[in-house]
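Visitor: The chain contents come next:
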Amino acid sequence: MSDARFVNQKAVGSPVLPDEAIPLVEGDGRFLNDIRLPGMYHVAFLRSQHAHALIRSVDTAKARELTGVVMVLTGKELLGKVEPFRSMPNRFSGGESVQHWLAFDKVRFCGEAVCAVVAEDRATAEDAAELIEVDYEPLPVVTDPRLGGQDGAALVHDTCPNNYLIKREYERGNVDEAFRNAHLVVKRKFKIGRKQALCLESRGCVAGYRESTFGLTMWISHQLPYVVRHYLANHLHLPENDIRVVVPHTGGGFGQKASIYPEEFVCAYLALNLRRAVKWVEDRLENMVASTHARDQSIEVAVAVDRDGRILALSSDVCVDVGAYSTYLWSAGMEPLQTAGLMPGPYKVPAMRYRTCGVATNKTPVGPYRAVGRPSASASLELLLDEVARRLDLDPVELRARNLIPIEAMPYRNANNLVHDNVNYLPCLKLAATKAQYDRLRAEQRERGANGKLRGIGIACYAELTGLGTSTAVGPGTLLQPGRDAVTLRLETTGVLSIAAALPSQGQRIMTAMRQVACDELGIALDDITCVNNDTAMAPYGFGTFASRTAVFGSGAVIQAAKELRRRMLALGAHLLNVPVGELTIVNSVLQTIDRAKTLPIREMAEKSYFSAKNIPPELNPGFEVTSFYDPKFGSFAGGTHIAVVDVDAHTGEVSIVRYVAAEDVGTIINPAVVEGQIIGGIAQGIGEALLEELVYDETGQPRTVTLADYLVPSALEVPRIELHHANTSSAALGGFKGCGEGSIIGALGAVACAVADALSRRGGDIHDFPATPERVLKGLGVLPSDA
Amino acid sequence: MPREQNIRLNVNGRVYERTVPVRLSLADFLRDHLHLTGTHLGCEHGVCGACTISMNGRSARSCLTLAVQADGAEIVTIEGLRAADGSRHPLQQAFLENFGLQCGYCTPGMLITAIELLRENPQPSEQDVREALSGNICRCTGYQAIVDSVLAVARDTQGSKKREIV
Numbered sequence: 044m045s046d047a048r049f050v051n052q053k054a055v056g057s058p059v060l061p062d063e064a065i066p067l068v069e070g071d072g073r074f075l076n077d078i079r080l081p082g083m084y085h086v087a088f089l090r091s092q093h094a095h096a097l098i099r100s101v102d103t104a105k106a107r108e109l110t111g112v113v114m115v116l117t118g119k120e121l122l123g124k125v126e127p128f129r130s131m132p133n134r135f136s137g138g139e140s141v142q143h144w145l146a147f148d149k150v151r152f153c154g155e156a157v158c159a160v161v162a163e164d165r166a167t168a169e170d171a172a173e174l175i176e177v178d179y180e181p182l183p184v185v186t187d188p189r190l191g192g193q194d195g196a197a198l199v200h201d202t203c204p205n206n207y208l209i210k211r212e213y214e215r216g217n218v219d220e221a222f223r224n225a226h227l228v229v230k231r232k233f234k235i236g237r238k239q240a241l242c243l244e245s246r247g248c249v250a251g252y253r254e255s256t257f258g259l260t261m262w263i264s265h266q267l268p269y270v271v272r273h274y275l276a277n278h279l280h281l282p283e284n285d286i287r288v289v290v291p292h293t294g295g296g297f298g299q300k301a302s303i304y305p306e307e308f309v310c311a312y313l314a315l316n317l318r319r320a321v322k323w324v325e326d327r328l329e330n331m332v333a334s335t336h337a338r339d340q341s342i343e344v345a346v347a348v349d350r351d352g353r354i355l356a357l358s359s360d361v362c363v364d365v366g367a368y369s370t371y372l373w374s375a376g377m378e379p380l381q382t383a384g385l386m387p388g389p390y391k392v393p394a395m396r397y398r399t400c401g402v403a404t405n406k407t408p409v410g411p412y413r414a415v416g417r418p419s420a421s422a423s424l425e426l427l428l429d430e431v432a433r434r435l436d437l438d439p440v441e442l443r444a445r446n447l448i449p450i451e452a453m454p455y456r457n458a459n460n461l462v463h464d465n466v467n468y469l470p471c472l473k474l475a476a477t478k479a480q481y482d483r484l485r486a487e488q489r490e491r492g493a494n495g496k497l498r499g500i501g502i503a504c505y506a507e508l509t510g511l512g513t514s515t516a517v518g519p520g521t522l523l524q525p526g527r528d529a530v531t532l533r534l535e536t537t538g539v540l541s542i543a544a545a546l547p548s549q550g551q552r553i554m555t556a557m558r559q560v561a562c563d564e565l566g567i568a569l570d571d572i573t574c575v576n577n578d579t580a581m582a583p584y585g586f587g588t589f590a591s592r593t594a595v596f597g598s599g600a601v602i603q604a605a606k607e608l609r610r611r612m613l614a615l616g617a618h619l620l621n622v623p624v625g626e627l628t629i630v631n632s633v634l635q636t637i638d639r640a641k642t643l644p645i646r647e648m649a650e651k652s653y654f655s656a657k658n659i660p661p662e663l664n665p666g667f668e669v670t671s672f673y674d675p676k677f678g679s680f681a682g683g684t685h686i687a688v689v690d691v692d693a694h695t696g697e698v699s700i701v702r703y704v705a706a707e708d709v710g711t712i713i714n715p716a717v718v719e720g721q722i723i724g725g726i727a728q729g730i731g732e733a734l735l736e737e738l739v740y741d742e743t744g745q746p747r748t749v750t751l752a753d754y755l756v757p758s759a760l761e762v763p764r765i766e767l768h769h770a771n772t773s774s775a776a777l778g779g780f781k782g783c784g785e786g787s788i789i790g791a792l793g794a795v796a797c798a799v800a801d802a803l804s805r806r807g808g809d810i811h812d813f814p815a816t817p818e819r820v821l822k823g824l825g826v827l828p829s830d831a
Numbered sequence: 070m071p072r073e074q075n076i077r078l079n080v081n082g083r084v085y086e087r088t089v090p091v092r093l094s095l096a097d098f099l100r101d102h103l104h105l106t107g108t109h110l111g112c113e114h115g116v117c118g119a120c121t122i123s124m125n126g127r128s129a130r131s132c133l134t135l136a137v138q139a140d141g142a143e144i145v146t147i148e149g150l151r152a153a154d155g156s157r158h159p160l161q162q163a164f165l166e167n168f169g170l171q172c173g174y175c176t177p178g179m180l181i182t183a184i185e186l187l188r189e190n191p192q193p194s195e196q197d198v199r200e201a202l203s204g205n206i207c208r209c210t211g212y213q214a215i216v217d218s219v220l221a222v223a224r225d226t227q228g229s230k231k232r233e234i235v
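Protein sequences appear in the order of chains A and B.
If you count by this note's numbering, then the first sequence holds residues 44 to 831, one letter each, in order.
If you count by this note's numbering, then the second sequence holds residues 70 to 235, one letter each, in order.
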């Protein structure tokens, strides 16, 4: 069924229906929590209720006595047996943080794991955890990063002076001169709250033990199976080839499942020590405090422009509340370094300067979440550009058009040292404005204004660096430089093709994408191609799924491997058919001469190759399994323009989005329906960032948003119908592909934030703190007194 | 109060009789005792809607319902949506064809909720669909493809009145 509509077309570019979704619509998915092994025990964690406290003593006696309890593990018992998580060295590190899998001397955030309870079922494990008595001595709490960075502030880590986990200053070009000579200088503050990726399926693992090959098998809800394997080996002192990591169906990742966390590693330790499988599935209350948070930034940005509104220089000061520990493996630098470093986005910025820091606080650590840093970088600059436009009496679209990097100027090296190679920033702006009928939108806005209604229009142009090869760092300043991933293509004995790669999907239909690419490259029918992408025992090495890279890497590696596999198939086919190689092609799983006079199904060729090898010259039968590593070297910029139209209720502060138009350049598209799903899904999350989502802590470090009733994500009513248009260019990567998983969340935050600010400006109001909750909107209108 | 209780109920057309702890949720009963893992748990406090099942013809949050409350009930889960001949329910097919899912975690709840809507209102407007699904969180799709899947079934049902919604 999957390819029936596209027999005579290229598979790449067609909305091929994904076979991989069938089990999910039929209720046959196998998610982590669906795995049950015989004799499996269940794990629950006792978590700290204090934000910052010394642990005086832990009494587990009552818990151990409960019927059904197998074991209670404390942090002390792990000391010396496993390696704690020491913050990744980063060139810009301020100080070090060490995270023990189970806190033993000190807890540093509410929700930090203190004990693990193993029992015959989860309910008993939770009952037992409640019987553990921990004697805490509360310590002074750091909750405000601005105060936490001052001399004399309480320290989250003794090894981290002034609580700076990350600090960097950067300057390129003559910023001071540009500001001195500018026609206009505008400054602006921007704040974005703490976020949660909020995967609908929380984290979890089943750690299995057996006394043979793969002594430890980890089924884990994660984006990076090989990375998990590497760190399990390091931290548990195990040989890496004795560990197998399998990723089942995964209910969302968004970066939250790309870090290394203590709980899964504790489970691995327990399975090895109990010689029994153990399972832990994070419940939602745990997820809200134990899985990484994101964003939480205060930004001050200033721009110097000439009389035409052209940017001369950019200067920014970024402060990120990164929580209690440097997120393991990515470091605390993720948000601080990328927010500041990527501030210029798609605009020509001849000179720039920034100061950025990540300050440790007694809150859940901040880790990667979709489009790390870029949404706040983009929104703070877009809001500033709107202010420039107002001051210069220029239209916001015109101001952006004057500053976007034109394709004729590419490759263009911006002041942040990134090269824009081939991307349609300006055509996207024009396309979005045309499709939205921008002039009419402004006319309608004026009409509504005359009738006392508040309408706002926001325009955001974004750039997203995707598919990063070895030459561009994903985690700036860290030792971690992923950028080479492999794919194995194997022609099976019946002539069907298996693709293996360690590039798990959380709904991006990676398997379908790789099948489409392989179909075109090899001439093998889509229905004859399957893919496994989740198992270190079956797939060649790969870093996994993050940073809008997977389609680029998987497809590129398929193209490379297919080139060699196709050469081998044609060589053997030519021999078997007794024709010159040059006259042979492969169509729909059949080798055929161009005139179709002679044909040989791939199935027959494969059977002969494996089962009748004695009749074939060995040099023509080297095996039909090819592994290829692909490194695109550099990344490719994707980009786009989003236009949001909002109505603001001046009495209630409610914001509703009445129109949303987006135009994107996401490279050559493999599967348009999948790509549009990624883009629209990202926009929905960006709308959540702009209007609804915020994790709140009180001054004692207690989290106040620990349920989905407190942390609001967009429902079908808050997300409008998205009008999507494309102005794609090809990237330099194999196949011309770019990543499309993250870009749209950047444009969405900027466009919606600008639309709200634009609406408020009609009454002389403004807004700097996001999400734009009703309360903040009313403050921005002066209806409620402001905080300042 | 007894710690355990005997229940008898019909799930997807099959009758089960079990002794269950009184504190066991219906979701855990379906998943852990009957091995019907198609029903997913997203929040366990009744907000996300992933665990929505049909109970006596009405959608219900199986995470907030106790197994003992389902004594005597008729339950339909995602595993019970297929026709007797094994073919997919029209809405399952529409989700597939309209790319109405990404990670698939919210899908069981979306399907059950949308089927209830289509039974009560076979020709819903887009706004009707969005209202009806507003208690089910999807973090991946931005809802558009889900809404389109439901509208596609409504259109098809209008075209050929024969197609039955559960």
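Mixed in with the good hints there might be a few duds.
[Said to hold, decoys possible] Below, computed lysine to any residue pairings styled on SDA-like, alpha-carbon distance capped at 25 Å:
| # | chain 1 | residue 1 | chain 2 | residue 2 |
| --- | --- | --- | --- | --- |
| 1 | A | Lys496 | B | Asp217 |
| 2 | A | Lys105 | B | Leu93 |
| 3 | A | Lys478 | B | Glu195 |
| 4 | A | Lys478 | B | Pro71 |
| 5 | A | Lys478 | B | Leu93 |
| 6 | A | Lys105 | B | Asp217 |
If you are wondering where the hints come from, they were derived from the structure by calculation, not from laboratory data.
Visitor: Confirm or reject each hint.
Guide: Verification of the supplied hints:
A hinted pair counts as satisfied when its Cα atoms are at most 25 Å apart, and Lys496(A) with Asp217(B) does not qualify at roughly 31 Å. Taking the CA atoms of Lys105(A) and Leu93(B), the gap is near 24 Å; set against the 25 Å cutoff, the hint holds. Only pairs whose Cα atoms come within 25 Å are accepted, and Lys478(A) paired with Glu195(B) is accepted, the gap being roughly 22 Å. This hinted pair does not check out: Lys478(A) and Pro71(B) have alpha carbons roughly 66 Å apart, beyond 25 Å.
Distance restraint check for Lys478(A) and Leu93(B): the Cα-Cα separation of roughly 54 Å exceeds the 25 Å cut-off, and the hinted pair is therefore not satisfied. Proposed proximity of Lys105(A) and Asp217(B) is contradicted: the alpha carbons are some 55 Å apart, above 25 Å.
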